[in-house]
Amino acid sequence: MTIVGPLGPSLAPLIRRNRTLYQWFKPVSDWYANVAGHRKVGLKYDDLLVEERPDVERALARLTPREEYDRAFRFKRASQCSVLHDNLPKDQWLKPEEVCNSSQTSTLLPAHTGPPQDVRYLKPLVEEVEKEDLERRKWDTIAVERRR
Amino acid sequence: MLAARASAARAASRIARTRNFATVVDSAGVKVAAADNGEATSAVTFIVKAGSRFESKPGVAHALKNYAFKSTDKRSSLGTVREAELYGGVLSSSLSREHLAITAEFLRGDEAFFVDVLSSYLTSTKFTRYELTELVGPTCEAETSAALSNPATHAVELAHALAFRNGLGNSIFATPGHHLTADDVRAYAQSVFGSGNVAVLGTGIDPAALEKLLEKSLGKFAAAASPASSTSKYFGGETRVDAHGAPETVFIGFGTSGAPSAELAVLAAHLDPTPSVKWSKSTSPIAAGIPEGSSVQAVYLPYSDASLFGLLVQGSTTAAVKEAGKAAVAALQAAGNLKGEELQKAIAKAKFTAASAVDGRDGLISSLGPKILSGTSASLSEAVSSLEKVDASAFSKASASLLKTKPTFVAVGDVKSLPYADELGL
Chain D
1 MTIVGPLGPS
11 LAPLIRRNRT
21 LYQWFKPVSD
31 WYANVAGHRK
41 VGLKYDDLLV
51 EERPDVERAL
61 ARLTPREEYD
71 RAFRFKRASQ
81 CSVLHDNLPK
91 DQWLKPEEVC
101 NSSQTSTLLP
111 AHTGPPQDVR
121 YLKPLVEEVE
131 KEDLERRKWD
141 TIAVERRR
Chain X
1 MLAARASAAR
11 AASRIARTRN
21 FATVVDSAGV
31 KVAAADNGEA
41 TSAVTFIVKA
51 GSRFESKPGV
61 AHALKNYAFK
71 STDKRSSLGT
81 VREAELYGGV
91 LSSSLSREHL
101 AITAEFLRGD
111 EAFFVDVLSS
121 YLTSTKFTRY
131 ELTELVGPTC
141 EAETSAALSN
151 PATHAVELAH
161 ALAFRNGLGN
171 SIFATPGHHL
181 TADDVRAYAQ
191 SVFGSGNVAV
201 LGTGIDPAAL
211 EKLLEKSLGK
221 FAAAASPASS
231 TSKYFGGETR
241 VDAHGAPETV
251 FIGFGTSGAP
261 SAELAVLAAH
271 LDPTPSVKWS
281 KSTSPIAAGI
291 PEGSSVQAVY
301 LPYSDASLFG
311 LLVQGSTTAA
321 VKEAGKAAVA
331 ALQAAGNLKG
341 EELQKAIAKA
351 KFTAASAVDG
361 RDGLISSLGP
371 KILSGTSASL
381 SEAVSSLEKV
391 DASAFSKASA
401 SLLKTKPTFV
411 AVGDVKSLPY
421 ADELGL
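Going down the list, the sequences are from chains D and X. Position 73 of the first sequence, counted from 1, bears residue number 73 in UniProt numbering, the numbering being contiguous throughout. Position 409 of the second sequence, counted from 1, bears residue number 409 in UniProt numbering, the numbering being contiguous throughout.
There's no promise every hint is true.
The calculated SDA-like cross-link candidates involving lysine to any residue, where the alpha carbons are at most 25 Å apart (straight line), are [claimed, not checked]:
(1) Lys-138(D) x Arg-75(X)
(2) Lys-138(D) x Leu-135(X)
(3) Lys-70(X) x Glu-130(D)
A few chain D residues facing chain X, derived, Cβ under 7 Å [said to hold, decoys possible]:
(4) Arg-137
(5) Lys-138
(6) Trp-139
I should point out that these hints are in silico values taken from the structure, not numbers from a laboratory. Cβ atoms here follow ideal geometry from the backbone N, Cα and C, with glycine treated the same way.
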């Protein structure tokens, strides 16, 4: 369980449900996502998840071979950008639509026209692993009563 | 002899009386047979016509078997295991060439939970991709390598492939490295899991209670057509596989297509050199001819529309295997003119084998399951009485026509010096 960071609790679903709140927050969040700069080096938001945790490691093992390959590609490209102290050319920046669409795996393909809602390729898997861990803890510490 | 025969007849009638599973009823579209003979524990088995014979892709039936008790809509795989442990039950699954059987054995009174576990496997298994890579795949691989490291199992597997090619020739073990996806397994499961393709067998459980539980848990069970499989045809052939560090093995087999006949069961009983008393020598014609350090087993594998009959010869040296193989083939060729007391002895032995097979739960599943599934009367007296009807002329005719077919010859071990089929007199 993390308190802060991308795997911690989030108010985003609540904001997304409320139309007014959503309209207020949307420009701010767009600005923040742009300033964070991961899209400029070709990384997805879920590429920023802390890897060095047993649950995230297990979730990473559950990616499809294609997702795994694309993830490695994005990391190589981003580290090359870091070496060069430069961003990718602007036409190769990840667009929000592309960030959202998990099936869209290559940035070189034409932009997908899906809803610009943040769909994440790794977080659902991490959540599944976390649920399994919680269930294991529940079964490990369960108190059994004999019913008479 | 007479006394032996009388007691066998008595046993047959006793079986028919107390172990009558003939009450096959349809519940939620599934054939159910149950009997309560006052056992201390109950067992419920779901038998599905989903063996390797019907598989769409090699190994998919094996993977489906190992997906048993993995996560379903109702509970996760861990939840299933832990809850079954708390109840003190045992869950198991087994695969044959024609049927997939999943079994729960449990204390009386816990049937509601275990029947629900079994039926949720049929109705709502998730077939997740990560379970295939994390749990199912490694299990399949381990089972395959463990089974095929035994030369006898390996030889019988190869013999099936030679004898029947497709259908029954499919291996029940998934080949390691063969690409199988969770979607393949799900598609196969959807094609075989359905009413009309599933039978339920209960022991130590009241039939009415079992039906009620099934109606509750299998409520919306879709109908499924019987999986397609071409009629089995016997081919035969010869193959040799190198193996080291295990007994030298030769399998000499013959096959028939069509429903299994009682004569072959009698022939197997006649030839089988396993003694009835430990440390003694059997009176089987093979027993006298085999050298020290070698063994011969009669293998009789009946399927719904074909059967494979064979002699499995094993020994520590290839010379011993060759000698034992010669003796076995000579005995098999001479078996045709069996009559009188010798024939009666073989029949009594076959009857005992058939009757004692149903004493254990495993035997009960394999012998009664297919009968319940096909809807024929699920009683054992029939199997025993068909053995009683075997006479000398029918027996010699059956064994002559068996020997006329092309032999299936498999050698596993030191292929340089293991004998060839013609060297054994085939």
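Against the structure, the hints:
1. Lys-138(D) x Arg-75(X): Roughly 13 Å separates the two Cα atoms, so the pair holds.
2. Lys-138(D) x Leu-135(X): holds (21 Å)
3. Lys-70(X) x Glu-130(D): This hinted pair holds, its Cα atoms lying about 18 Å apart.
4. Arg-137: Violated, about 11 Å.
5. Lys-138: violated (9 Å)
6. Trp-139: Interface hint status for Trp-139(D): holds (4 Å vs cutoff 7 Å).
Violation of the numbered hints given earlier is confined to hints 4, 5; the remaining hints are satisfied by the structure.
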